Structure formats: structure tokens, C-alpha cells
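Chains as they are written, first to last, in this note's numbering: chain A, 27 to 803; chain B, 2 to 161; chain C, 138 to 400.
Just so you know, the hints here were simulated from the structure itself, not pulled from any lab data.
Treat the hints with care, since some could be wrong.
Said to hold, decoys possible - Capping the alpha-carbon separation at 35 Å, the derived lysine-lysine pairs in DSBU-like fashion look like this:
{"#": "1", "chain 1": "A", "residue 1": "LYS74", "chain 2": "A", "residue 2": "LYS84"}
{"#": "2", "chain 1": "A", "residue 1": "LYS152", "chain 2": "B", "residue 2": "LYS72"}
{"#": "3", "chain 1": "A", "residue 1": "LYS549", "chain 2": "A", "residue 2": "LYS478"}
{"#": "4", "chain 1": "C", "residue 1": "LYS195", "chain 2": "A", "residue 2": "LYS48"}
{"#": "5", "chain 1": "B", "residue 1": "LYS13", "chain 2": "C", "residue 2": "LYS176"}
{"#": "6", "chain 1": "A", "residue 1": "LYS48", "chain 2": "A", "residue 2": "LYS801"}
{"#": "7", "chain 1": "B", "residue 1": "LYS72", "chain 2": "B", "residue 2": "LYS13"}
{"#": "8", "chain 1": "B", "residue 1": "LYS72", "chain 2": "C", "residue 2": "LYS190"}
{"#": "9", "chain 1": "A", "residue 1": "LYS48", "chain 2": "B", "residue 2": "LYS57"}
{"#": "10", "chain 1": "C", "residue 1": "LYS163", "chain 2": "B", "residue 2": "LYS13"}
{"#": "11", "chain 1": "C", "residue 1": "LYS362", "chain 2": "C", "residue 2": "LYS274"}
{"#": "12", "chain 1": "A", "residue 1": "LYS99", "chain 2": "A", "residue 2": "LYS459"}
{"#": "13", "chain 1": "C", "residue 1": "LYS362", "chain 2": "A", "residue 2": "LYS84"}
{"#": "14", "chain 1": "C", "residue 1": "LYS362", "chain 2": "B", "residue 2": "LYS72"}
{"#": "15", "chain 1": "A", "residue 1": "LYS74", "chain 2": "A", "residue 2": "LYS48"}
{"#": "16", "chain 1": "B", "residue 1": "LYS57", "chain 2": "C", "residue 2": "LYS195"}
{"#": "17", "chain 1": "C", "residue 1": "LYS274", "chain 2": "B", "residue 2": "LYS72"}
{"#": "18", "chain 1": "B", "residue 1": "LYS57", "chain 2": "C", "residue 2": "LYS362"}
{"#": "19", "chain 1": "A", "residue 1": "LYS796", "chain 2": "C", "residue 2": "LYS190"}
{"#": "20", "chain 1": "A", "residue 1": "LYS641", "chain 2": "A", "residue 2": "LYS208"}
{"#": "21", "chain 1": "C", "residue 1": "LYS176", "chain 2": "C", "residue 2": "LYS154"}
{"#": "22", "chain 1": "B", "residue 1": "LYS72", "chain 2": "C", "residue 2": "LYS163"}
{"#": "23", "chain 1": "C", "residue 1": "LYS357", "chain 2": "A", "residue 2": "LYS84"}
{"#": "24", "chain 1": "C", "residue 1": "LYS362", "chain 2": "A", "residue 2": "LYS774"}
{"#": "25", "chain 1": "A", "residue 1": "LYS152", "chain 2": "A", "residue 2": "LYS84"}
{"#": "26", "chain 1": "C", "residue 1": "LYS362", "chain 2": "A", "residue 2": "LYS798"}
{"#": "27", "chain 1": "C", "residue 1": "LYS154", "chain 2": "B", "residue 2": "LYS57"}
{"#": "28", "chain 1": "A", "residue 1": "LYS796", "chain 2": "C", "residue 2": "LYS357"}
{"#": "29", "chain 1": "A", "residue 1": "LYS680", "chain 2": "A", "residue 2": "LYS576"}
{"#": "30", "chain 1": "C", "residue 1": "LYS357", "chain 2": "A", "residue 2": "LYS478"}
{"#": "31", "chain 1": "A", "residue 1": "LYS99", "chain 2": "C", "residue 2": "LYS176"}
{"#": "32", "chain 1": "C", "residue 1": "LYS274", "chain 2": "A", "residue 2": "LYS475"}
{"#": "33", "chain 1": "B", "residue 1": "LYS72", "chain 2": "B", "residue 2": "LYS155"}
{"#": "34", "chain 1": "A", "residue 1": "LYS553", "chain 2": "A", "residue 2": "LYS268"}
{"#": "35", "chain 1": "B", "residue 1": "LYS72", "chain 2": "C", "residue 2": "LYS357"}
{"#": "36", "chain 1": "A", "residue 1": "LYS268", "chain 2": "A", "residue 2": "LYS641"}
{"#": "37", "chain 1": "C", "residue 1": "LYS362", "chain 2": "C", "residue 2": "LYS195"}
{"#": "38", "chain 1": "A", "residue 1": "LYS549", "chain 2": "A", "residue 2": "LYS268"}
Because the structure is a prediction, the values reported are computed rather than measured.
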Amino acid sequence: MGQFGIGQPVRRKEDVRLLTGKGQYTDDVNFDGQTWAAFVRSPQAHAKILSIDTSAAKAAPGVVGVFTGTDMKADGVGTLITDVEFKDLAGKDMFRPKRDFMTIDRVRFVGEIVAVVLANTQAQAKAAAELVMVDYDGLPAVGSTAFAASPDSPVIWEEHGSNVGIHWENRPEAEIDVHMAKAKTRVTVDIVNNRVVPNPMEPRCAVSKWENGELTMYAPTQGGRRIQQGIAKIVMNLPADKVRIISPDVGGGFGIRGKLYPELGVVAWAARKIDRPVKWRGDRSETFVSDYHGRDQINHAELGLDANGRVVALKVRTIVNCGAYFAENGPRLPINGGGRIIPGVYDIENFYFSVRPVLSNTVPTDTYRGAGRPEANFLMERLMDAAADATGLARDEIRRRNVIKPEQFPYRTQMGMLIDSGDFIGNMDMAMKAADWAGFDARRAESAKRGKLRGIGLSNFVEPSGGRPTEEMRIAVSPEGKATVYAGTHSHGQGHETVWAQLLESFLGIPFENVTLVQGDTKIMPKEAAGTFGSRSSWMGGVGLQRSAKRIVEKGTKIAANLMQSEPEKVSFDAGVFRAGTSSVTLAEVAKASYEPKNLPDGMEPGLDESYFLKRDPEEFNYPNGTHVIEVEVDPDLGKIEMLNYIAVDDCGKVLNPFIVHGQVYGGVAQGIGQAMTEMTVYDDEGQLVTGSFMDYGMPRAEHLSMIDALFNEVPCKTNDLGVKGAGEAGACGAPGAFVSAVCDALKGYGIRHIDMPMTPDRVWATIQKAKAGKAA
Amino acid sequence: MLINVNMTINGKAVSGQVEARTLLVEFIRDHQRLTGTHVGCDTTQCGCCTVHVDGKAVKSCTMLAVQATGKSVITIEGLAQADGTLHPVQEAFREHHGLQCGFCTPGMVMMGVDICRRHPNADEHTVRQELEGNICRCTGYQGIVEAIMDASAKMAGGKA
Amino acid sequence: MENFGYHTPASVADAAKLLDANEDAKLMSGGMTLLPTLKQRLAAPSDLIDLAKIPDIKGVCRDGDELVIGAMTTHAEVHENALVRELIPGLASLAGQIGDPAVRHRGTIGGSCANADPAADYPAGTLGHGATFVTNKRKIAADDFFLGLFETALEPGEIIVGVRFPIPVWSHYQKLRHPASGYAVVGVLVAQTKSGVRVAVTGAGPSAFRATAMEEALAKDFSVKAIEGITVDADDLNNDIHASAAYRAHVVTVLAKRAVAAR
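Produce the entire structure from the sequences given, and follow the hints as far as they go.
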């Protein structure tokens with residue numbers, strides 16, 4: 027394989043552009059004559075809207091229009107998407123509240139849009155927005171996850187009569203109680219999986235124009251097709267091809283930027299309404315209360331083990347705080363997203379789980395890096411640590427006894443998923459060796475001399491990857507033999523410009539530098555484009571490209587046969603050259619010829635331009651997995667944790683570009699560490715987001731992290747031709763469990779078994795004090 | 002009331018009439034259309050807007066354009082040589098995968114240059130401390146820290 | 138943010154005149170707190186009086202037993218200044234822990250102290266060293282300067298022109314950084330000065346204060362052990378989502394001990 031082929035640590039094509047300020051993000055785009063939008067957002071978490079007086083705002087300097095949800099409704103605009111349907115065991119449907127793009131008679135979270143002001147400048151729009159007078163009749167609010175689920179809580183959707191959308195169960199609990207009763211050892215854990223604010227570094231924004239009966243809108247998305255369809259159908263009442271969504275360079279996605287947000291609908295609708303372009307530049311404060319949040323679960327779980335430390339039954343009850351509305355995927359995450367994989371890498375036959383998605387006066391939650399799997403893996407790893415503690419087995423030993431063994435693959439989980447491959451013992455061995463687990467006691471002793479408490483922790487994980495089951499990729503080879511990839515996937519940091527070029531060099535022999543990526547424009551992306559999320563692109567995009575390339579070769583073979591006066595059956599293709607006997611033609615020559623009908627077999631369309639619509643079978647999910655080990659030091663006087671060392675062993679299947687996959691691991695780990703250490707999202711009793719800026723919300727910074735040593739235990743995936751498994755979300759799945767395990771290991775002298783995330787100094791110190799007092803008592 | 006401002010940006014004299022409240026980053030992005038400098042927050046925390054004013058890294062979201070009058074401003078667009086040769090810090094970011102989505106990158110690079118200027122042969126601890134005011138959500142900082150350490154060593158070597 | 142008139146007086150006297158003439162005017166030094174406040178529309182002054190063009194209130198010099206730091210001297214300049222490093226290294230170190238490098242390139246000692254953020258570092262630095270604020274009208278001892286939450290002894294029209302630090306025998310600053318803002322959750326400066334031991338605390342209370350019980354104990358016996366059991370009263374301290382008052386009280390003692398241990 028050449029220097030730029032599959033598996034090579036190729037440096038990124040996109041970097042020079044991004045390093046020299048030539049990236050083009052949505053806020054860099056302006057349309058002539060554009061107006062500026064400013065949203066009037068609710069300062070109250072829960073209130074009836076008695077009236078909205080826009081007259082003063084309308085009269086303010088530079089104001090072009092002020093609109094409310096009533097105006098949108100009058101234009102026939104529908105409600106936002108909730109892409110989730112569940113039934114409980116009795117067959118009753120989940121409650122699905124409808125969300126208007128701008129709320130009309132009630133606000134349900136701080137930041138909810140009440141009105142939009144359009145003005146000639148952004149300053150005018152913002153000033154006028156302050157003049158929109160909304161008369162609120164405040165109602166009791168609920169921000170806390172546990173409280174939202176309790177019967178004492180205020181109910182925020184009266185028509186449903188409860189904040190609980192559904193009590194979903196995978197099966198009757200009694201079926202598993204039978205097995206649990208046989209357990210020799212039973213352990214329970216109660217966990218808060220803290221809400222996080224995803225915070226891509228690019229604040230959300232959009233700019234739209236209405237021209238010749240068509241809407242064009244730039245916005246940072248993770249692939250605009252679904253947003254295009256939603257805007258066309260729900261907002262504009264237009265055929266999809268009259269709406270064009272362009273996502274140029276996008277400053278981070280992390281799952282939450284793939285959604286049809288109300289702001290997008292309003293900016294689109296308003297451009298037609300006033301017949302002038304509209305630009306909205308959200309600031310960070312707005313991003314905090316309008317981008318969907320992530321996680322926010324409470325788990326109660328019980329694990330039953332036999333005398334050999336083998337799990338005999340697992341029961342989990344989850345409450346997930348979905349916010350004021352069920353967003354596109356909100357309630358799906360703890361059920362299909364992560365819940366069904368809670369047993370993780372372990373061979374657990376008897377599994378009960380129930381989920382209660384609750385509504386509260388908070389920003390809706392949705393997919394955030396891992397989307398249910400980090401929560402699931404974290405829960406299982408906390409249970410394993412508890413089991414180790416209760417049985418007296420070492421933390422690795424309890425895991426070794428329970429992991430799915432190589433001979434069990436393909437392994438059908440209790441929930442019916444088919445895990446094709448993995449080397450779970452191998453992951454642990456590799457990670458523990460790299461971390462010098464065996465030598466840890468000496469390091470602990472050395473730390474103790476300095477008054478520090480050292481701990482080591484490990485976490486296994488597996489995370490079904492692939493996202494939505496369809497994708498389309500297209501390769502067009504020019505007469506010069508250069509290729510353009512029209513991708514249904516969308517790179518916003520993942521380096522597809524580089525990796526897709528590597529694949530084409532490998533598949534077609536087209537030089538790396540001669541491959542261009544086109545993405546993120548609904549007008550020119552493939553029809554069935556889906557986008558990038560759910561660790562899917564290497565599989566859905568990579569295999570899609572592989573199959574498109576195969577079609578290029580098939581067609582090229584026929585043309586080459588014609589050119590060489592041979593038969594297609596006698597033509598072979600390798601490294602960009604078609605051969606038949608002693609004759610040969612290059613792909614570039616074939617490409618050139620393909621545009622001249624005289625060279626083509628009868629009936630063949632000119633050109634060398636092929637696409638592939640990939641439809642994945644449910645059995646073709648892939649299962650990235652791994653073991654992460656982290657070492658920390660706790661300063662017991664301050665409760666401050668220092669991360670010392672991190673080993674990530676990942677099985678991402680076949681690695682297309684280790685340089686880039688390492689980057690995915692580092693980033694995912696940082697988000698996992700952030701959740702575990704610094705990222706605290708706090709709603710107060712009035713439903714105010716107290717941590718609504720980078721002054722209060724602890725984004726992980728360089729100083730919070732150590733170097734991460736990322737290793738691969740490469741077990742090629744058996745269900746796709748490339749052998750790839752996902753990589754984007756692995757770090758976020760592995761890090762929280764390893765981190766908490768390590769901190770609790772450091773604090774085991776106090777008898778501390780668990781501390782909820784984020785483990786801030788204040789919280790760690792308080793836990794130590796409580797433990798000390800408990801001991802003294 | 003508009004105020005005249007003039008400064009050099011990337012070595013080129015520029016001037017304009019702005020409101021007093023116009024931030025330096027707004028002057029750079031909206032008036033001069035140099036969109037490499039980004040805005041990632043509104044509380045002077047993220048560092049996406051970092052530029053150099055008279056050779057020192059500052060957050061251009063927290064400085065008025067008028068405050069830069071008479072000063073020399075360097076933005077990410079002005080860092081590479083005219084022939085396209087990347088600055089050692091830019092080159093190191095490329096080599097060490099110091100960027101993913103690229104949004105924080107201009108600010109990171111400008112801060113990186115400043116760190117290298119103040120800390121020849123910077124060690125890991127120093128670099129992590131010095132990146133206090135620059136937030137990245139993609140990279141876990143690993144490639145960024147490696148890149149700045151590498152560039153700092155190379156730039157120090159070049160001077161010796 | 139709302140627009141405002143912008144002025145760059147060439148002297149402190151001119152600045153004071155402008156301040157007198159415009160009731161809703163505000164002084165700006167580095168702008169590191171003021172500009173974010175305006176951007177968030179939390180304040181809307183009619184005029185900003187930028188002190189940047191006043192030549193003689195910037196820089197560091199020695200005046201006998203005192204180090205004089207001009208109000209417009211940036212944190213970076215204090216941190217890197219050879220005189221400060223030689224004579225009050227504890228102060229140089231403190232200045233290097235404020236905010237981040239870009240903020241330190243703009244933020245100033247005068248601005249920081251006039252703002253009197255309860256979690257800022259300089260209040261501990263000035264109070265702990267027994268510094269004196271020199272204004273256009275008078276001199277104010279640091280002990281009399283910080284009155285409360287964002288409240289100082291400065292009168293309307295009064296402008297800090299410099300801060301005089303008695304050169305201590307020794308000083309050291311310890312800080313527990315807020316993980317998000319970088320401000321001090323707690324910061325403690327311990328100084329051995331010619332007039333005795335001083336322990337100043339920031340971040341913990343509504344305003345910087347001196348831990349007098351610790352000062353007395355350290356005056357008798359300058360050792361970690363001497364302040365082992367001394368705690369400040371948690372009832373007077375800040376209690377928020379990031380740190381409880383009890384935690385802050387505890388951390389004050391921990392950091393004070395660590396500062397003493399650094400001697």
C-alpha cells in the first residue's frame with residue numbers, strides 16, 4: 027500500500043486551509059441586503075404567556091419585522107420533529123408533546139423562543155428584542171431529573187397528567203426476578219449520569235435567502251438532507267428541491283448539530299416572509315440554552331452473581347430527563363441508543379431494563395457523542411466495580427470472568443443484537459500491560475509519600491455504531507482522471523477530505539492529491555445522503571465509496587476492453603491500470619475516453635460517474651469496543667484530581683488512518699473526562715440554568731488532561747467489506763467509567779465506593795469528609 | 002457618531018470609520034472581511050478570536066477597534082509567508098493533528114505562537130498552563146500541546 | 138452592546154475632568170471585565186474614558202523600600218518585570234496566575250483592583266503585602282480599600298494611578314483556580330513584612346480579607362503547625378454551586394499552610 031493508502035497515517039488535506047484562516051464557516055457568509063435576527067427568549071422556566079406586545083419593538087430603529095409563533099402558525103407552519111415512538115408492555119403509546127417553532131401560549135424552559143426581531147443591523151435587532159413585552163404568568167418549575175419523575179412534581183404537560191412520557195420495559199420484571207433470586211451475591215448502584223452541554227466551538231448560526239421561489243440557507247449541520255426535508259415540508263410547504271441547505275466548514279457536531287432546530291425554521295421562514303435575507307448569529311449564551319443538551323440520567327441497577335462471580339441477572343431502572351419536549355431522539359437514547367447494550371462486553375443472559383423518559387423545564391436533551399452508550403457503559407462498569415468489591419475479586423478478574431469470549435462470536439445479545447467480533451480479554455491485557463497495572467502499588471506508595479492518593483481504574487465498553495441504516499456516496503472521475511467524491515457523509519473535523527482520498531487512491535489508484543471532496547450542499551450531495559453521526563462514516567461512507575468504486579471499475583473495464591480491443595472478462599484492474607494481455611490503459615485514459623461516445627460499447631451512457639445507495643442490514647451494525655485505563659492522583663486536602671496517565675486500547679476494526687482515528691479517540695476521551703471531572707450543568711429550583719456560560723460551565727481545558735496513549739487492538743469487523751468499526755464515540759464511552767473507577771480506587775482507604783460525576787474538588791472533598799465522619803461515628 | 006480608526010493588519014495599513022462600540026474582532030471580520038478570526042463565546046474565555054496586537058496575543062472580542070488605532074495587528078491570515086510557507090506553529094499543528102473542525106484553530110495557533118515566543122523549549126506542563134484561555138472541543142488538546150512543544154523547540158533551535 | 142462616547146485623555150487630570158462631566162461615564166483600563174459586561178448588556182455607560190494614552194501611570198519602579206506599580210501596568214508586565222521578580226517574586230507569581238495569557242496582556246492592576254471582584258487575585262496581592270493605593274486625590278491603604286462585593290473606597294471621580302508595595306521579606310501566593318472562569322475559588326497570600334506577618338484571602342468571601350488569627354499565630358511561630366487548627370468562619374464565606382462555604386473555609390487553611398510551607 028502506498029504512502030497515501032488505507033492504513034497510512036496520512037496528514038490531513040484540509041489542514042492548510044483551516045490553519046491559514048481560509049476555512050469558511052456559516053458566520054463567514056453574508057448575503058447582500060441581509061437583515062439580522064434576534065430571538066426573544068423566555069427568561070422564565072415555566073409560565074403561561076398572557077400576551078406578547080411587539081409594538082415598541084416594531085417601532086424601534088431599523089426594525090423590519092417582529093414575528094411570533096402565531097404568525098408562523100397562520101402561515102401553516104407545523105411543529106418540530108419527535109422521531110421516536112414507543113409502546114409500553116401493555117401496548118400504550120408514549121406521550122409526544124408537540125413543539126412549535128416559536129412557542130405560543132406557554133414557555134417551558136429558559137431560552138425557549140417567544141418571538142423574533144428582524145432589523146437592519148444585529149445591534150438594532152438585539153436592542154429591539156429587549157422591547158418586546160411579554161406578560162408571563164409564572165408557574166412552578168421543575169429542573170431536577172429525580173423530582174420531575176416524582177408524583178409531587180409540578181406537571182408541565184397537563185394534557186398528559188404526568189411528566190413521565192412512558193414507562194418502557196423490555197420485558198416483565200418478574201421474569202428476571204426469578205433469576206435474581208438465585209444469585210449468591212447481589213449488588214446495587216445508584217448513579218447520576220450528569221447532564222452536559224455539548225458546546226461545539228462554533229456557536230450556532232444561520233443565514234438564509236429567498237430568491238426565485240427557492241430558499242437557500244447556510245447553517246452548521248452534520249449533513250443537511252433531513253433538515254432540508256423538514257424545513258421544506260414542515261416550515262415552507264415546498265417540495266424539498268426548492269430548499270437548499272449548505273453546511274460549509276462546520277465547527278464541531280458531536281451529535282447535536284444534526285437536528286432541525288427551531289431557529290433554523292424561523293430563519294428560513296422569515297426570509298420568505300420579509301423577502302430579504304436573514305442572518306442569525308447566535309452567541310455562546312444562546313447556544314447554551316438552545317443547542318440540545320446531552321446525558322442526564324438517573325440509574326438504579328442491580329447485579330446478581332453466582333458463587334463464581336458470574337453474572338446471573340441484571341436489572342436496570344433509568345430515568346432520563348428529556349427536557350421540556352421530546353427532541354428528535356430524546357427518549358430513544360436510553361432505550362435503543364444505549365439501554366439495550368447495557369450488558370456491554372459481558373455475557374449476560376437475564377436482563378431487565380425499564381426507562382422512564384421525563385419532561386422537565388429544561389433544554390431538551392438529545393444525541394451527544396455516544397448518545398446513550400456512554401451512559402450504558404458507565405453504568406455497567408460501576409456495577410462491575412461494585413461486584414468486585416462485594417465478591418472480593420479484583421476489578422479485572424470479575425470482568426474477565428464475565429466478558430464474552432472469542433469463541434462466542436458472533437454473539438447474540440439478550441436484546442437480539444449480533445456482535446460480530448471482538449477480543450475483550452485481549453483489550454484488557456493490552457491496556458493493563460501498557461499501563462503497567464502490575465507495578466501500580468509502587469507508584470501508589472510513591473504518591474503517598476507526597477501526601478497524594480493515587481488510583482488506577484479501568485473500563486470496558488462496546489458501542490453499537492452505524493446510525494441510520496442508509497447512505498449514498500458518489501464518485502465522479504473527470505476526463506483528466508481526477509476524482510470528485512460527492513459524499514452523503516459530512517466531515518466536521520473527522521478528516522473525510524483526507525480519508526476518502528486515501529480510499530480512492532487504494533481502490534482506484536487515483537493519486538491522493540487528485541481527489542476532491544464535495545459535501546454539505548443539499549443541491550449537489552447524493553439524493554439519499556444521510557450525514558455523519560453515530561460513528562457511522564467509515565462504515566456507511568467508506569463502504570459506500572468502496573462499492574461506488576467497484577462500479578467505476580466495472581464500467582471502466584467495459585470501456586477499457588473496447589479501447590484495448592479485448593473482452594471485458596479478460597480485463598483486470600489494479601492500481602489504476604486496466605490490463606488485457608500485454609495491453610494496458612490507465613484509469614485516466616479510460617476516464618477521458620468515457621466522455622467520447624465513440625469509445626463506448628453500445629448503449630452505454632458517457633462518463634465515469636457512479637454512486638452507490640447503501641442499505642445496511644440490521645445484522646450489520648458494528649461494535650467498536652475497548653478497554654481504557656487511567657491513573658489519577660487525588661489531593662485529599664483540596665479534593666482536587668489530577669489525571670496522570672491514560673491508556674486507550676480501542677478495537678475500531680480496520681483502521682483507515684491511525685493519525686485521524688487517534689484524534690477521534692483523544693477527543694472522545696476528553697469529552698468523557700470533561701463529563702466526569704469538570705462539566706457540571708446546574709438548573710436551580712426556578713429552572714434557571716446557572717451554568718450558562720464558559721465562566722461557570724467547566725469545559726475541559728488543556729491543564730485538566732494528560733497525554734493519552736492510544737493503542738489499537740484491531741479485530742476486523744466481519745459484517746462489512748472494509749472491516750471497519752466506528753471510532754468517534756469510543757473515547758466518550760470508555761473515559762467516564764475508567765475515571766470514576768480510578769478516583770474511587772484512590773479513595774478506597776476512606777471506604778468510598780462511588781462519587782457522582784462531575785467529581786469537582788468541592789464534591790470530592792465533601793465525600794471524603796462524610797466518609798471520615800461516618801468512620802468516626 | 003463614527004470614529005476613524007487606522008492600524009496595520011498583517012502589515013497592510015487599513016482604516017475605517019466605526020462606532021466606538023465596534024470590537025476589534027468585528028472590525029477584522031465584518032469590516033476587513035478577514036474571517037479566519039473566529040468568535041466562540043461572549044465571556045472572554047474560549048480564545049477563538051486570539052490575534053496579536055503589537056506582537057502580543059490578545060482576545061480581539063475583548064478589545065475595541067479604536068483601542069487598536071496606531072497598532073500592528075496580526076491575524077491568522079498574516080502568519081504564513083507570502084509564498085505560502087507555513088509558520089512553524091502552523092506546520093506543527095498539521096504534523097501533530099492539532100486541529101479537527103478547525104474553529105478554535107486560528108486562536109490556538111496565534112496563542113501557540115505567543116507561547117513559543119515567551120517559552121523557548123516549552124515543556125508539556127507549561128504549554129497546558131498557557132492554554133488556559135483557549136478551548137478546543139475536538140482534539141482533547143493532545144495534538145495541540147504536542148504541536149506547540151515541537152514548534153517551541155524548533156523555533157528556539159533556529160535562534161541558537 | 139450599546140454605543141458610547143469614547144475618550145482617550147492624555148492625563149489623569151483630563152480623565153478626572155471627563156469623569157466629572159459625564160455622570161454615566163466609566164473608566165476603562167484593560168477592559169477585561171468591563172467589555173464583557175457591556176457585551177452582555179449588563180451595563181450601558183454613556184462614555185468610556187480609556188486610560189491607555191496616559192503616559193505616566195504605567196510601569197514599575199523602585200522608590201526606596203517600596204515598589205511602585207503604575208495602575209495601567211498589565212498583569213503580564215508585572216509577571217515578567219525583572220524588578221518585581223527580584224524584589225517581590227510572590228507578586229510576580231500571583232500576576233502570572235491571573236486569567237490567561239491573552240487576558241494578562243490587557244488586564245491591569247488598577248482595573249482589577251478598582252473592579253474589586255471578590256474572586257480576583259490582586260485584592261489578595263495588595264492586601265497581603267500591605268500595599269497603598271495612590272489615586273488622583275489621596276492615598277488609601279489596601280486595608281481600607283476593599284469594602285465589599287465589587288465595592289471599594291474609591292469615590293466618584295477618583296482614579297487609581299498606582300499601587301505602592303512595601304518590599305516584603307518574603308511572600309507567597311497559593312490559589313485554587315475555578316475550573317471554568319480561572320478566578321480564585323480561594324486564593325491566599327502570606328507575606329512576612331517589616332511590619333509583621335500578613336495573610337490575605339480572596340475568593341472565599343464577598344471581598345478580600347485578612348485572616349488575622351493566622352497572622353497572629355504566624356507572628357509567634359512562622360510554621361505550618363502554628364496555623365494547623367485555625368479556620369476562618371464559614372458563616373461569612375461564599376456558598377455557591379462550585380464550592381460550599383465549608384469547603385472554602387477549609388481550603389483557606391490548606392492554602393495558607395501550603396504558602397507557609399513554601400518558605
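- Item | Hints the structure fails to honour | 3, 4, 6, 11, 12, 13, 14, 15, 18, 19, 20, 23, 32, 35 and 37
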